[in-house]
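**Q** Protein chains in written order, with UniProt numbering: chain A, 1 to 442; chain B, 1 to 363.
Possibly wrong hints are sitting among the right ones.
[To be verified] Below 25 Å or equal to it, Euclidean Cα-Cα: the simulated SDA-like pairs (lysine to any residue) are:
1) B:K2 - A:Y393
2) B:K26 - A:N309
3) B:K264 - B:L308
4) B:K22 - A:N363
5) B:K22 - A:Q356
6) A:K204 - B:V8
7) B:K88 - A:I25
8) B:K57 - A:G305
9) A:K103 - A:G121
10) A:K19 - A:K62
11) B:K26 - A:P74
12) B:K26 - A:N363
[What the hints assert, rightly or not] Far from chain A, some chain B residues (derived; all Cβ distances over 12 Å):
13) T3
14) K22
15) K37
16) K57
17) N64
18) S69
19) G93
20) E102
21) E159
22) Y176
23) Q272
24) K301
25) L308
26) K334
27) W336
28) I362
I should point out that these hints are in silico values taken from the structure, not numbers from a laboratory. All residues carry an ideal CB built from backbone N, CA and C; glycine is no exception.
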Amino acid sequence: MIEAFQLIKKQLSTSSDLKKELVRIQDIELEILYLVSVCDEKKIKADLIFPILECSGKEEFKDYLTSLPDISKPEKDQDILQKLMIGHACIQMENELFLFNAKKVLNNQLGDASSETAIYGSQRSFSDVIDTNLNLIRYRYPSPNLVYEKSKVSGVPQTEVGIIYDSLLVDKGVLSELQTQLASVKPEVILSAAHLQRLLTTRKYSLFPILMITERPDRVVLNLKQGKVVLLVEGSPFVLIAPATFYDFISSMDDAFEQLWISISLVVLRYISIFITVLLPGIYISMVSFNPELFQAQLAFSIAGSRANIPYPSYIEVLIMMFLIDTLIEASIRLPKSISAAATTVGGLILGQAAQQANMVSNIMIIVTSAIGIANFVVPINSMSFALRIVKYPFILLASLFGYVGLIAGLFCLIVYLNDLKSFGKPYLKVFIGEHEKLGKL
Amino acid sequence: MKTIYLLVLCFTMAIQSGCAFKDIDKRIFVIAIGVDKSDDINNPYRVTLKLALPTQKLDPSVNNTQIISENSKTITGAIGRITAKTSKDLNYGLLEACVLGESIVNENINEPLNWLSRRFDIPMEGMVALGKPNAETVLKMKPRSENYSGNALFLSLSESGSISSFTVPEHLYDFYRRTTEKGVDPYLPVIETENEVYKIDTAALLDKQKLKVILTPDETRVFKELLQSYPHFEITTKMVDQPFVLTIEQLKSRYTIYTHNKNKPIIHVTVQMRGIVEEFVNQLYEENWTKFEKHVEQEEKTKISSLLKKLQKNGIDPFGFGLLYRATRHEGDKEWEQWQSIYPEAIFDVNVKVSILGTGAIK
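Please model the complete structure; the sequences and the hints are all you need to start from.
**A** Structure representation (structure tokens):
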């Protein structure tokens with residue numbers, strides 16, 4: 001043990017934030033080793049140094065030390081180094097080693113729920129710190145059955161990952177599968193919850209998210225009640241929920257709060273929007289280039305008139321507009337907030353007016369494009385919204401090759417693919433039909 | 001890598017698109033088709049197509065239709081020649097009206113109808129009419145009220161626009177069904193041109209092959225009221241030397257065939273009407289309405305009976321009494337033979353019940 005202490009001292013000696021303190025008061029002699037950047041020095045002083053003055057002797061201080069709630073004894077040498085890195089102080093006293101938890105947490109402020117807003121739900125999102133997040137969940141879900149398991153992914157350094165579930169409601173199969181998968185994750189560092197989500201996805205070519213990612217404490221509590229498992233990742237204001245079904249990504253937290261008919265209509269609206277955002281470009285191509293008789297006569301004549309000056313076939317027209325709208329969306333996400341408003345205005349003007357006046361696209365294509373964009377924004381969870389943005393491109397290809405037949409075949413394949421997907425052993429496309437009593441449990 | 005090659009291949013295929021891929025601006029829409037008998041004996045069919053020219057803005061004052069006519073031995077041949085005259089691909093998807101010239105209806109409608117029903121791209125829900133004096137004149141006329149090409153013709157023939165008690169709308173699918181079904185005969189509205197308007201106030205009745213009789217406007221009104229239980233008509237009579245007009249709001253008609261007496265088959269026609277007084281100079285709220293009702297009933301009864309007798313005399317059956325007979329007897333194919341002997345002998349027993357719902361005026 002003591003050799004280990006010396007070894008650590010040596011290994012960390014190049015770090016400037018390593019602090020070694022030798023305390024010698026009366027007959028008490030101890031050496032404290034900690035990283036200034038992650039430890040709360042005030043706490044160390046108040047809990048370790050000042051009490052020495054009040055103690056009459058060595059024995060009394062040792063009793064005091066071992067009775068502190070933040071003190072622990074390292075089990076293995078490896079433990080010491082790990083703990084030092086996450087804000088523990090290592091104390092050497094009379095050939096004995098203690099670890100004292102003096103974590104200094106700077107980033108435990110709650111942010112505003114900005115990436116997943118709800119009108120009546122919680123206005124705050126999770127913070128970057130697991131303990132704060134756990135605090136939020138515990139207060140919202142005051143059940144003795146709520147289990148918090150600390151877990152770590154294999155490999156060094158280990159990012160802390162917490163598993164939370166309600167031990168009465170949880171599906172044991174999902175839990176054990178999640179634990180085994182989590183143990184087999186072997187990255188260097190987990191950067192965020194979304195990163196972990198990707199690492200937990202076993203399919204190589206995956207498109208749809210099979211874990212729910214959210215920043216809302218109220219959604220987490222709702223899902224805990226439904227018997228799902230929640231993963232917290234240190235340093236990420238997002239949490240993961242498993243298993244996830246397609247329906248979860250289409251539901252907003254407000255659905256649970258609104259009156260029945262309002263929430264039903266909103267869900268229906270979202271499903272219609274999904275079909276619009278995925279199929280509308282393909283439908284436009286099929287209607288304009290394969291089956292124009294499906295238009296009303298007036299519309300057919302005016303589309304034919306407005307397309308008369310356009311030199312490109314319909315799918316090139318669609319691809320131009322889809323490319324522009326997707327770059328616009330991407331640009332407005334990545335740009336700093338102050339510039340992104342300008343980008344959308346300029347982009348919107350160009351897309352809306354100039355492109356049509358320059359005879360690059362027909363005027364109905366402008367409407368189609370904006371309908372696709374707006375319908376896409378309706379999807380409440382971003383990861384699903386991104387997936388649906390991609391899905392429309394294969395449909396454009398199919399529609400330009402085979403028209404409606406291609407679209408229908410493509411839709412069939414998409415549904416088959418979604419049916420094949422599994423989220424931790426649970427069917428992904430489990431929709432809200434039937435199995436009422438089991439629905440809550442999933 | 002293989003999948004990427006495959007995708008690239010697919011995309012190049014899309015660029016070299018074949019015949020199915022044709023943008024809307026490379027197609028031209030046929031909105032009406034007319035078939036006439038031509039003067040040329042070698043090329044007996046004269047086909048006229050009314051084509052809609054695409055416009056960015058719909059302007060009623062601009063003439064945006066094109067009329068192309070061709071003679072040929074067959075209808076397909078004529079269409080082929082018309083195709084040679086157009087720069088864009090003919091598309092029949094928006095075909096709204098088929099006008100058959102009087103000359104061809106007088107002779108035989110089977111060939112044009114056969115062509116119309118065989119083409120997969122001709123929508124059967126389009127309207128069909130008899131064009132007088134010929135289909136070409138009807139198609140060439142552009143009414144003032146037209147919003148875009150072909151629109152006025154369709155609105156006049158169908159009931160999506162004006163609903164007239166003299167226009168009997170007929171869809172292509174129903175017309176085709178009536179020419180093939182035993183026991184029910186086809187009819188066509190007759191369309192004439194008159195000073196930039198279409199005049200459709202008579203109906204032509206056909207047997208399975210050709211024209212039998214053209215009804216007068218008054219008979220057409222009675223024909224329509226019996227054909228569709230769809231009251232949008234007025235009954236005009238005279239009461240105490242004043243014109244008395246009743247607007248019918250509800251109508252129910254019922255047919256029953258009695259053949260208990262072999263020598264005297266009877267067809268019962270029961271018509272119930274309910275309406276509101278629309279035009280009458282005198283006050284009538286205080287009076288007994290029954291005498292008005294009885295008077296109208298009597299008038300209607302004679303009109304209906306005379307129409308039915310006229311149809312019977314011509315041996316045509318657009319109301320489908322024969323179909324009713326076949327549907328209510330169970331003797332297989334023999335029924336049809338029986339009916340053919342029954343129909344000329346049958347006696348019509350017409351019952352009309354009129355009730356006045358209100359005077360139409362506030363007391």
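**Q** Next, verify each hint and record whether it holds.
**A** Here is what the structure says about each hint:
1. B:K2 - A:Y393: 19 Å, holds
2. B:K26 - A:N309: 11 Å, holds
3. B:K264 - B:L308: 17 Å, holds
4. B:K22 - A:N363: Holds. K22 (chain B) to N363 (chain A) sits at ~19 Å (cutoff 25 Å).
5. B:K22 - A:Q356: 21 Å, holds
6. A:K204 - B:V8: The given pair, whose Cα atoms are some 22 Å apart, holds under the 25 Å limit.
7. B:K88 - A:I25: 102 Å, violated
8. B:K57 - A:G305: 8 Å, holds
9. A:K103 - A:G121: 32 Å, violated
10. A:K19 - A:K62: 22 Å, holds
11. B:K26 - A:P74: Violated, at about 80 Å.
12. B:K26 - A:N363: Measuring from Cα to Cα gives roughly 17 Å; hence the hint holds.
13. T3: 9 Å, violated
14. K22: 6 Å, violated
15. K37: 29 Å, holds
16. K57: 7 Å, violated
17. N64: Its Cβ does come within 12 Å of chain A, the nearest being 8 Å, so this is violated.
18. S69: 22 Å, holds
19. G93: Check fails; 2 Å does not lie beyond 12 Å.
20. E102: 27 Å, holds
21. E159: 17 Å, holds
22. Y176: 19 Å, holds
23. Q272: Holds, since 38 Å exceeds 12 Å.
24. K301: Given that every Cβ of chain A is farther than 12 Å from that of K301 (chain B), nearest at about 44 Å, it holds.
25. L308: It holds; L308 (chain B) is separated from chain A by about 39 Å at its closest Cβ, greater than 12 Å.
26. K334: 44 Å, holds
27. W336: 38 Å, holds
28. I362: 41 Å, holds
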